[in-house]
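Below, each chain spelled out in residue letters.
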Amino acid sequence: GESVGLHLPTLSVQEGDNSIINCAYSNSASDYFIWYKQESGKGPQFIIDIRSNMDKRQGQRVTVLLNKTVKHLSLQIAATQPGDSAVYFCAENIGGAALIFGKGTTLSVSS
Amino acid sequence: DAGVIQSPRHEVTEMGQEVTLRCKPISGHNSLFWYRQTMMRGLELLIYFNNNVPIDDSGMPEDRFSAKMPNASFSTLKIQPSEPRDSAVYFCASSLAGDTEAFFGQGTRLTVV
Chain A
56 GESVGLHLPT
66 LSVQEGDNSI
76 INCAYSNSAS
86 DYFIWYKQES
96 GKGPQFIIDI
106 RSNMDKRQGQ
116 RVTVLLNKTV
126 KHLSLQIAAT
136 QPGDSAVYFC
146 AENIGGAALI
156 FGKGTTLSVS
166 S
Chain B
96 DAGVIQSPRH
106 EVTEMGQEVT
116 LRCKPISGHN
126 SLFWYRQTMM
136 RGLELLIYFN
146 NNVPIDDSGM
156 PEDRFSAKMP
166 NASFSTLKIQ
176 PSEPRDSAVY
186 FCASSLAGDT
196 EAFFGQGTRL
206 TVV
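Top line first, the protein sequences correspond to chains A and B. Under my numbering, think of the first position of the first sequence as 56, with each following residue one higher. Under my numbering, think of the first position of the second sequence as 96, with each following residue one higher.
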């Protein structure tokens, strides 16, 4: 079946570096995408979203890029901080149905 | 708003017992979702409701699982009888509509021994 997946299960960076977390999706009908952050013992927390009629969206220290040609989604975190250490999930939505999540990337930030 | 509220936070039960997980969505949200999270399978959608009506329950593992939403402010996920392989963290989430941001509760960690 079609699903959302991530390229790397773990990513380690130094404090202050920029982080890039990637996600590949296979369903070309997906029209809404979200990045979530999950800290230990907590539920997923919304970071940023993007709809399929856009290719870039910026938030505070975060940017999401969408490449529909190759079905690729990425999350860029600027000046990564220790508090950014968590598991990051991308999720896709098709036509207003429920979000389908990828497996997650664990980001570790060392100071 | 207090956000999505789930209870209990932790549940330990013996195999064969009935387990009921509870969820109060954010007021005004029309969609409610139940997810299960394990190391092996990640976050799996079990079922979701729109305006209290179940729309897609294809993710419910088997007949031992059932979910209800009797009104806009309450939903339950029941497992009867429970089995050790049901051990996981169960999340409830709600959103204004299906294609908008979903807000998650803190989850219920279920352990079946």
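I should point out that these hints are in silico values taken from the structure, not numbers from a laboratory. In this text the structure is predicted, and so the values were computed from the model without any measurement. Glycine included, each C-beta is placed from N, C-alpha and C at the ideal position. Careful: at least some of the hints might be erroneous.
[As the list claims (entries may be wrong)] Over the 12 Å line for every Cβ pair with chain B, so calculated as not near, a few chain A residues:
| no. | residue |
| --- | --- |
| 1 | Gly71 |
| 2 | Pro99 |
| 3 | Val117 |
[What the hints assert, rightly or not] As a list, the in silico DSBU-like pairs of lysine-lysine whose alpha-carbon atoms are at most 35 Å apart:
| no. | chain 1 | residue 1 | chain 2 | residue 2 |
| --- | --- | --- | --- | --- |
| 4 | B | Lys163 | B | Lys173 |
| 5 | A | Lys111 | A | Lys92 |
| 6 | A | Lys126 | A | Lys97 |
| 7 | A | Lys126 | A | Lys158 |
| 8 | A | Lys123 | A | Lys158 |
| 9 | A | Lys158 | B | Lys119 |
| 10 | B | Lys173 | A | Lys111 |
| 11 | B | Lys163 | B | Lys119 |
| 12 | A | Lys126 | A | Lys111 |
| 13 | B | Lys163 | A | Lys92 |
| 14 | A | Lys123 | A | Lys111 |
| 15 | A | Lys97 | A | Lys158 |
| 16 | A | Lys111 | B | Lys163 |
| 17 | B | Lys119 | B | Lys173 |
| 18 | A | Lys97 | A | Lys123 |
| 19 | A | Lys111 | A | Lys97 |
| 20 | B | Lys173 | A | Lys97 |
| 21 | B | Lys163 | A | Lys158 |
| 22 | A | Lys92 | A | Lys126 |
| 23 | A | Lys123 | A | Lys92 |
| 24 | B | Lys173 | A | Lys123 |
| 25 | A | Lys97 | B | Lys163 |
| 26 | B | Lys119 | A | Lys92 |
| 27 | A | Lys111 | A | Lys158 |
| 28 | A | Lys92 | A | Lys158 |
Hint check:
Under the 12 Å C-beta cut-off, the non-interface status given to glycine 71 (chain A) relative to chain B holds; the minimum distance is some 29 Å. For proline 99 (chain A), the requirement that its beta carbon stay farther than 12 Å from each beta carbon of chain B is not met, with the minimum near 5 Å. At roughly 14 Å from the closest C-beta of chain B, the C-beta of valine 117 (chain A) stays outside 12 Å, upholding its exclusion from the interface. For a cut-off of 35 Å, the pair hint linking lysine 163 (chain B) to lysine 173 (chain B) stands: about 8 Å separates their Cα positions.
This hinted pair checks out: lysine 111 (chain A) and lysine 92 (chain A) have alpha carbons roughly 19 Å apart, not beyond 35 Å. Restraint check for lysine 126 (chain A) and lysine 97 (chain A): the C-alpha separation of about 29 Å stays at or below 35 Å, so the hint holds. About 16 Å separates the Cα atoms of lysine 126 (chain A) and lysine 158 (chain A), which keeps this hinted pair within 35 Å; it holds. Of the pairs offered as hints, the one joining lysine 123 (chain A) and lysine 158 (chain A) holds, with about 20 Å between alpha carbons and a cut-off of 35 Å not exceeded.
Taken as a hint, the lysine 158 (chain A) and lysine 119 (chain B) pair is honoured in the structure, with Cα atoms around 26 Å apart against an allowance of 35 Å. Of the pairs offered as hints, the one joining lysine 173 (chain B) and lysine 111 (chain A) is violated, with about 41 Å between alpha carbons and a cut-off of 35 Å exceeded. A threshold of 35 Å between alpha carbons decides the hint, and for lysine 163 (chain B) with lysine 119 (chain B) the separation of about 12 Å falls inside it, so the pair holds. At most 35 Å may separate the alpha-carbon atoms for a hinted pair to count; lysine 126 (chain A) and lysine 111 (chain A) meet this at roughly 14 Å.
The hinted pair formed by lysine 163 (chain B) and lysine 92 (chain A) meets the criterion: a straight-line CA distance of about 28 Å does not exceed 35 Å. Of the supplied pair hints, the one linking lysine 123 (chain A) and lysine 111 (chain A) holds, its CA atoms being roughly 11 Å apart against a limit of 35 Å. Among the hinted pairs, lysine 97 (chain A) with lysine 158 (chain A) is consistent with the structure: their alpha-carbon atoms are about 16 Å apart, no more than 35 Å. Of the pairs offered as hints, the one joining lysine 111 (chain A) and lysine 163 (chain B) is violated, with about 39 Å between alpha carbons and a cut-off of 35 Å exceeded.
Using a Cα cut-off of 35 Å, the hinted pair lysine 119 (chain B) and lysine 173 (chain B) holds, with the two alpha carbons roughly 15 Å apart. Note on lysine 97 (chain A) and lysine 123 (chain A): the hinted pairing holds, with a Cα-Cα distance of about 31 Å set against a maximum of 35 Å. Under the criterion of a C-alpha separation no larger than 35 Å, the hint pairing lysine 111 (chain A) with lysine 97 (chain A) is consistent with the structure, at around 28 Å. Between lysine 173 (chain B) and lysine 97 (chain A), the direct Cα distance comes to roughly 22 Å. Compliance with the 35 Å bound is thereby established for this hinted pair.
For the hint linking lysine 163 (chain B) to lysine 158 (chain A), the alpha-carbon distance of about 27 Å falls within 35 Å, and the restraint holds. Taking the CA atoms of lysine 92 (chain A) and lysine 126 (chain A), the gap is near 21 Å; set against the 35 Å cutoff, the hint holds. With a CA separation close to 23 Å, the supplied pair lysine 123 (chain A) and lysine 92 (chain A) stays within the 35 Å bound. For a cut-off of 35 Å, the pair hint linking lysine 173 (chain B) to lysine 123 (chain A) is broken: about 39 Å separates their Cα positions.
At roughly 24 Å between alpha-carbon atoms, lysine 97 (chain A) and lysine 163 (chain B) fall within 35 Å of each other, so this suggested pair holds. For a cut-off of 35 Å, the pair hint linking lysine 119 (chain B) to lysine 92 (chain A) stands: about 22 Å separates their Cα positions. For the given pair, lysine 111 (chain A) sits about 23 Å from lysine 158 (chain A) by alpha-carbon distance, which is consistent with the 35 Å threshold. Distance check on the hinted pair: lysine 92 (chain A) and lysine 158 (chain A) sit about 12 Å apart at the alpha-carbon level, within 35 Å; holds.
Consistency with the previously given hints fails for numbers 2, 10, 16, 24, ordered from lowest to highest.
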